[in-house]
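J.: Sequence:
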Amino acid sequence: MTNASPGTTTNASPGVPTNGASDVPTNASPSAQAATPATTPTYAQAATPTGAIGLVVLDMAGTTVADDGLVERAFGAAAERLGVVPGTPEHAAQLEYVRATMGESKISVFRHLFGDEERARRANAAFEQAYAELVGAGHCAPVPGAREAIERLRADGRTVALTTGFARTTQDAILAALGWDRGLVDLTLCPADAGGRGRPYPDMVLAALLRTKAADDVRGIAVAGDTSYDMLSGRRAGAGLVAGVLTGAHDEPALRAAGATHVLPSVAALPDAIARWERATVDGPASSTVPVDRAGTPEARP
2 MTNASPGTTT NASPGVPTNG ASDVPTNASP SAQAATPATT PTYAQAATPT GAIGLVVLDM
62 AGTTVADDGL VERAFGAAAE RLGVVPGTPE HAAQLEYVRA TMGESKISVF RHLFGDEERA
122 RRANAAFEQA YAELVGAGHC APVPGAREAI ERLRADGRTV ALTTGFARTT QDAILAALGW
182 DRGLVDLTLC PADAGGRGRP YPDMVLAALL RTKAADDVRG IAVAGDTSYD MLSGRRAGAG
242 LVAGVLTGAH DEPALRAAGA THVLPSVAAL PDAIARWERA TVDGPASSTV PVDRAGTPEA
302 RP
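Just so you know, the sequence shown maps onto residues 2 to 303 in our numbering.
Note that these hints are calculated values from the structure, not bench results.
Heads up, a few of these hints could be off.
Claimed, not checked - Dumping the calculated SDA-like pairs for lysine to any residue here, alpha-carbon to alpha-carbon at most 20 Å:
(1) K214 <-> G184
(2) K214 <-> D204
(3) K214 <-> D194
(4) K214 <-> G158
(5) K214 <-> A53
(6) K214 <-> A156
(7) K214 <-> V186
With the hints as extra help, turn the sequences into a complete structure.
T.: Set out below in structure tokens:
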């Protein structure tokens with residue numbers, strides 16, 4: 002982290018030279034000698050979670066924005082433009098791959114499906130155009146309770162970022178259609194904003210932390226999404242809470258297999274889940290009315 006926590010600096014602490022020798026005189030009083038190490042937290046102190054979530058990173062389609070089959074419809078238009086006929090085995094196999102990789106950067110999906118870069122870019126452009134047309138025609142709505150959840154998270158003092166596997170133009174079209182482009186959240190990110198890699202890489206989550214500086218520790222991040230790739234991205238970023246929601250592409254077993262610490266009916270339940278997690282982290286699981294379900298969750302591998 003580039004920011005040091007209170008009581009620490011990025012360089013050696015006063016009174017602790019980099020060569021490891023103390024600059025407290027040997028004849029200093031015992032109280033002076035005892036005070037010096039207190040300026041440098043021990044590893045055990047640094048490794049103890051604070052129990053506070055400062056940054057919440059939310060997926061869009063399927064998590065905060067109702068999908069209603071828009072991704073599959075837009076894919077169909079893109080595939081047809083590249084000569085893949087609906088109803089054929091090739092189309093069915095490609096559609097199955099699209100469903101399995103929901104949450105991934107769309108250009109990455111098309112690179113896998115169509116091989117060479119030129120065809121992948123043509124497919125991606127057709128997909129983005131078709132999706133934007135569906136959004137423009139009014140086929141875009143928030144998940145019930147999503148806006149209220151975001152507003153409550155921010156009222157609770159948390160920074161909220163929205164992330165997507167879509168290109169920036171499509172993300173902006175969705176935000177404008179919902180009226181979410183007028184300060185509802187603190188930050189919006191697409192893969193290009195984080196160096197080009199989307200999920201399942203941790204880049205967008207970590208970019209949100211670096212841009213907002215909303216937490217002193219990656220464990221102070223909560224990630225929520227509807228796909229396995231959302232879960233992998235959150236776990237790889239080191240987020241303390243990684244919540245799967247059941248309003249989108251993947252079911253509970255898939256979300257848990259990818260490392261979800263929590264599975265919620267929808268993002269509307271996230272503010273309460275975070276509050277319970279914070280109480281359990283600080284006071285122990287007995288303080289939570291709903292058991293913290295991180296224990297036993299398979300660890301997501303990079």
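J.: Next step is simple, just say for each hint if it's right about the structure.
T.: So, going through the hints one by one against the coordinates:
Taking the CA atoms of K214 and G184, the gap is near 18 Å; set against the 20 Å cutoff, the hint holds. A threshold of 20 Å between alpha carbons decides the hint, and for K214 with D204 the separation of about 15 Å falls inside it, so the pair holds. For the hint linking K214 to D194, the alpha-carbon distance of about 16 Å falls within 20 Å, and the restraint holds. Proposed proximity of K214 and G158 is supported: the alpha carbons are some 13 Å apart, at most 20 Å.
Distance restraint check for K214 and A53: the Cα-Cα separation of roughly 14 Å lies within the 20 Å cut-off, and the hinted pair is therefore satisfied. Note on K214 and A156: the hinted pairing holds, with a Cα-Cα distance of about 18 Å set against a maximum of 20 Å. For the given pair, K214 sits about 15 Å from V186 by alpha-carbon distance, which is consistent with the 20 Å threshold.
Consistency with the previously given hints is maintained throughout, with no hint failing.
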